[in-house]
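Protein chains in written order, with the working numbering: chain A, 272 to 849; chain B, 0 to 95.
The set of hints was computed from the structure by calculation and includes no laboratory data. Quick reminder that beta carbons are idealized off the backbone N, C-alpha and C, glycines included. Treat the hints with caution; some may be incorrect.
To be verified - In silico DSSO-like pairs for lysine-lysine, Cα to Cα no more than 30 Å straight-line:
(1) B:24 <-> A:671
(2) B:34 <-> A:578
(3) A:745 <-> B:52
(4) A:578 <-> B:52
(5) B:50 <-> A:745
(6) A:719 <-> A:578
(7) B:50 <-> A:671
(8) A:745 <-> B:24
(9) B:34 <-> B:52
(10) B:44 <-> A:745
(11) B:44 <-> A:494
(12) B:50 <-> A:578
(13) B:24 <-> A:789
(14) B:52 <-> A:832
(15) B:34 <-> A:816
(16) A:734 <-> B:34
What the hints assert, rightly or not - Short, incomplete list of chain A residues facing chain B, as computed with Cβ under 7 Å:
(17) 460
(18) 575
(19) 578
(20) 664
What the hints assert, rightly or not - Chain A stretches covered by chain B per the calculated footprint, using a threshold of three residues with CB under 8 Å from any CB of chain B:
(21) 548-557
(22) 703-715
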Amino acid sequence: MFKRRLASLISDCDHHSLPNSAHGFSSPRSIPSTKSNMASISVIESLRQQIASCEVQLQHLRQQLAEAERQRQQQCEQERLRHTTTTDPLTHDMNYGIADDFRSEIFAVLSSVGDEQPASRRWPLDYSEYKRYGRQLIMPEIGLQGQLRLKNASVLIVGVGGLGCSAAAYLVGAGVGTVGLIDGDVVEESNLHRQILHSTARVGMTKVDSAMVSLSSLNPNVKLVPHYSRLTPESAISTILPYDLILDCTDTPDSRYLISDTCVLLGKPLVSASALRTDGQLMLLNSPPLPPGDSRGGPCYRCVFPKPPPPESVVSCGDGGILGPVVGVMGVLQALEVIKVLTRENQHSLAPPADAQGPQSTGQCAITSEPTPDPPSLLIFSAYANPMFRSIRLRTRKPKCATCSTHATITSEALNSGSLDYVQFCGTINRVDALSPSERISVDNYAKVRMEVNPFTGMEPSKDNHILVDVREKVQFELCSLDGSVNIPFSTVSSTPGLGANGAGSGTDGVEQNWVSKLRRPPEKPIFVVCRLGNDSQLTVRKMKELGLDCGGRRWIGDIKGGLRAWRESVDPEFPDY
Amino acid sequence: MVSTKPAPGHFAILYFAAASTFTAKSTESLPAPVKARDLFAALEKRYPGIKEKVLNSCAVTVNLEYIDLDGDDAAQQDLVIEAGDEVAIIPPVSSG
Chain A
272 MFKRRLASLI
282 SDCDHHSLPN
292 SAHGFSSPRS
302 IPSTKSNMAS
312 ISVIESLRQQ
322 IASCEVQLQH
332 LRQQLAEAER
342 QRQQQCEQER
352 LRHTTTTDPL
362 THDMNYGIAD
372 DFRSEIFAVL
382 SSVGDEQPAS
392 RRWPLDYSEY
402 KRYGRQLIMP
412 EIGLQGQLRL
422 KNASVLIVGV
432 GGLGCSAAAY
442 LVGAGVGTVG
452 LIDGDVVEES
462 NLHRQILHST
472 ARVGMTKVDS
482 AMVSLSSLNP
492 NVKLVPHYSR
502 LTPESAISTI
512 LPYDLILDCT
522 DTPDSRYLIS
532 DTCVLLGKPL
542 VSASALRTDG
552 QLMLLNSPPL
562 PPGDSRGGPC
572 YRCVFPKPPP
582 PESVVSCGDG
592 GILGPVVGVM
602 GVLQALEVIK
612 VLTRENQHSL
622 APPADAQGPQ
632 STGQCAITSE
642 PTPDPPSLLI
652 FSAYANPMFR
662 SIRLRTRKPK
672 CATCSTHATI
682 TSEALNSGSL
692 DYVQFCGTIN
702 RVDALSPSER
712 ISVDNYAKVR
722 MEVNPFTGME
732 PSKDNHILVD
742 VREKVQFELC
752 SLDGSVNIPF
762 STVSSTPGLG
772 ANGAGSGTDG
782 VEQNWVSKLR
792 RPPEKPIFVV
802 CRLGNDSQLT
812 VRKMKELGLD
822 CGGRRWIGDI
832 KGGLRAWRES
842 VDPEFPDY
Chain B
0 MVSTKPAPGH
10 FAILYFAAAS
20 TFTAKSTESL
30 PAPVKARDLF
40 AALEKRYPGI
50 KEKVLNSCAV
60 TVNLEYIDLD
70 GDDAAQQDLV
80 IEAGDEVAII
90 PPVSSG
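Could you build all of it, start to finish, from the sequences and the hints given here?
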């Protein structure tokens, strides 16, 4: 059966590769240069796709092979046992010579000892597992029982980015039995400096598939479960329900509230981490995961951060930047916290909260425990601070928490029906649209201002007949900028008080006043404002007018629509895309 | 950022993430004592706009302990921040 499957896969691959090789490799010279350039791009693209799909197929085959080998091994073991036990005197006695009640007592004892292992197994772990996990098995914190708990556990990693990749690597390495992966994105080149499971060759592949390729080669014993779309309120309960513990590795406030709420409703402990620039945060939430209203349960995300940050203050890694090891260390700490929770001694199964027990319940119990000796805490990591780590003692559940208190208003019915709008709760940023069309110039027209020789006078295009203000932060300006532009970071602009406060731009800080007065001097020169994407530039134009730099309307001030991204797309494709 | 002892009669305040961006500082000393309920107003005076844009969604700690300032009847509104205390302003970070 496997042979046949393999043969069909191979013929699939052949089939895919034939037409491409005919176009791309056999006659590249006969195609004019632009066409051949496009053709080679499409060849590269299609090769990438083929590699990606073959890698996925290969990974499936590996899983099937591992499965088949395991079955074969079990069969051998059973046969061996059957063979040896026929002459075993104990078997003879158990079958013929012992009173029924005594026999059932012995069986009860035996079966309670080895719940996790099939009766036929000689050792509770596979032979290869002793070797693979040996270094952690010999630690008292883990031991055989701890390893079995890991093996029987299932965790869900929501978000396979910087946090999710490093957390997943260590959890899969440690032998957690089942690991689910959720992400709706594909791998981008700008992910690779920190998202360690992905690779250059897998740019364009879904993050979930890319991670599965890495993880299954790291440890083929772990069952990986892919979820290819973002978690939504409607899908949250059914997605999270089968798992014992959840890792929040996402990157938006709304997903953090959604995941936390769902974990409280379903009685799942949650390990939540985040990272931006040089800072990170880590919390073990809802642990112990007691039902809402039970004050002995661990606090949830809403207990710690009841109000979401204003949307315009939310900065993504794409805008704010992120140092790879910062997000890596937070993901590793998440994995550590998960291992600690899963291998904890005193855990026992409690029924999950009644209202969470849907008909689809798999009967797996949430991992719960007596109120833990460790009080809940928030670990703050600041890479450039001393000390780098601070541990904040959190309070227990908030008496008026909307999710986990007796005053809870968030229910699984509301969640399932989609009536809870997390995006709205966290707010959305309206695209900045602060200016009228006459205050804006397209990149193409601005290029003419800069670059075209005047056909009548033969005058060189001038960078000096206007002022170009670039409001990106200094570090970005230093990466690349347009010739002749002046850098006035948006943070400086926005912290300059307007006219209302105490006169025109006369902040308490001399530097801020400086940029305003410098721009006043040649009052006949128009001011063009540019930024990365075209939002901050509009707000800056507003501010400049507020400060009276437009000389009561006699001087033109406007922004360059779409910023440097539009400049790269329409005018200068070599301008760096960072 | 190096944690230093605040000047006499002052408490130390640490700004993390967005709070650090807004104030352009990671730490400073502020005059003590201050009632917890008046902390945000005192910061708003120094950094106009910070309450709305940053503080309202922040966790606040005094001597590494979370204090609940959410709502007027919150348990720790009357707590007094004394000289020598360490206060931290911790905005939620959501990226990853």
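Consistency of the hints with the structure:
This hinted pair does not check out: residue 24 (chain B) and residue 671 (chain A) have alpha carbons roughly 33 Å apart, beyond 30 Å. Among the hinted pairs, residue 34 (chain B) with residue 578 (chain A) is consistent with the structure: their alpha-carbon atoms are about 22 Å apart, no more than 30 Å. The suggested pairing of residue 745 (chain A) with residue 52 (chain B) holds, with an alpha-carbon distance near 23 Å, which does not exceed 30 Å. Taken as a hint, the residue 578 (chain A) and residue 52 (chain B) pair is honoured in the structure, with Cα atoms around 12 Å apart against an allowance of 30 Å.
Between residue 50 (chain B) and residue 745 (chain A), the direct Cα distance comes to roughly 26 Å. Compliance with the 30 Å bound is thereby established for this hinted pair. Using a Cα cut-off of 30 Å, the hinted pair residue 719 (chain A) and residue 578 (chain A) is violated, with the two alpha carbons roughly 48 Å apart. This hinted pair checks out: residue 50 (chain B) and residue 671 (chain A) have alpha carbons roughly 22 Å apart, not beyond 30 Å. Note on residue 745 (chain A) and residue 24 (chain B): the hinted pairing holds, with a Cα-Cα distance of about 17 Å set against a maximum of 30 Å.
A hinted pair counts as satisfied when its Cα atoms are at most 30 Å apart, and residue 34 (chain B) with residue 52 (chain B) qualifies at roughly 22 Å. As the CA atoms of residue 44 (chain B) and residue 745 (chain A) are separated by approximately 28 Å, the hinted pair is consistent with the 30 Å bound. With a C-alpha separation of about 56 Å, the suggested pairing of residue 44 (chain B) with residue 494 (chain A) is violated against the 30 Å cut-off. For the hint linking residue 50 (chain B) to residue 578 (chain A), the alpha-carbon distance of about 13 Å falls within 30 Å, and the restraint holds.
Pair hint residue 24 (chain B) plus residue 789 (chain A) holds up; C-alpha atoms about 26 Å apart against a cutoff of 30 Å. A C-alpha spacing of about 27 Å is found between residue 52 (chain B) and residue 832 (chain A), which places the hinted pair at or below 30 Å, so the restraint holds. Simply put, residue 34 (chain B) and residue 816 (chain A) have alpha-carbon atoms about 40 Å apart, too far for the 30 Å limit, and the pair is violated. Pair hint residue 734 (chain A) plus residue 34 (chain B) does not hold up; C-alpha atoms about 56 Å apart against a cutoff of 30 Å.
Interface restraint check for residue 460 (chain A): the shortest CB-CB distance to chain B comes to about 19 Å, outside 7 Å, so the restraint is violated. The restraint placing residue 575 (chain A) at the interface with chain B holds, with a minimum CB-CB distance near 6 Å, inside the 7 Å limit. With a cut of 7 Å, the hint placing residue 578 (chain A) at the interface with chain B holds, because the nearest CB-to-CB distance is about 5 Å. Satisfaction of the interface hint for residue 664 (chain A) is found here, the shortest Cβ-Cβ separation to chain B being roughly 5 Å, below the 7 Å cut-off.
Only residues whose C-beta sits within less than 8 Å of a C-beta in chain B count toward coverage, and the stretch 548-557 of chain A has 4 of them, enough to reach three; the restraint holds. Under a criterion of three residues with beta carbons nearer than 8 Å to beta carbons of chain B, the stated coverage of the stretch 703-715 of chain A fails, only 0 such residues being counted.
Of the hints listed earlier, those the structure fails to meet are numbers 1, 6, 11, 15, 16, 17 and 22, in rising order.
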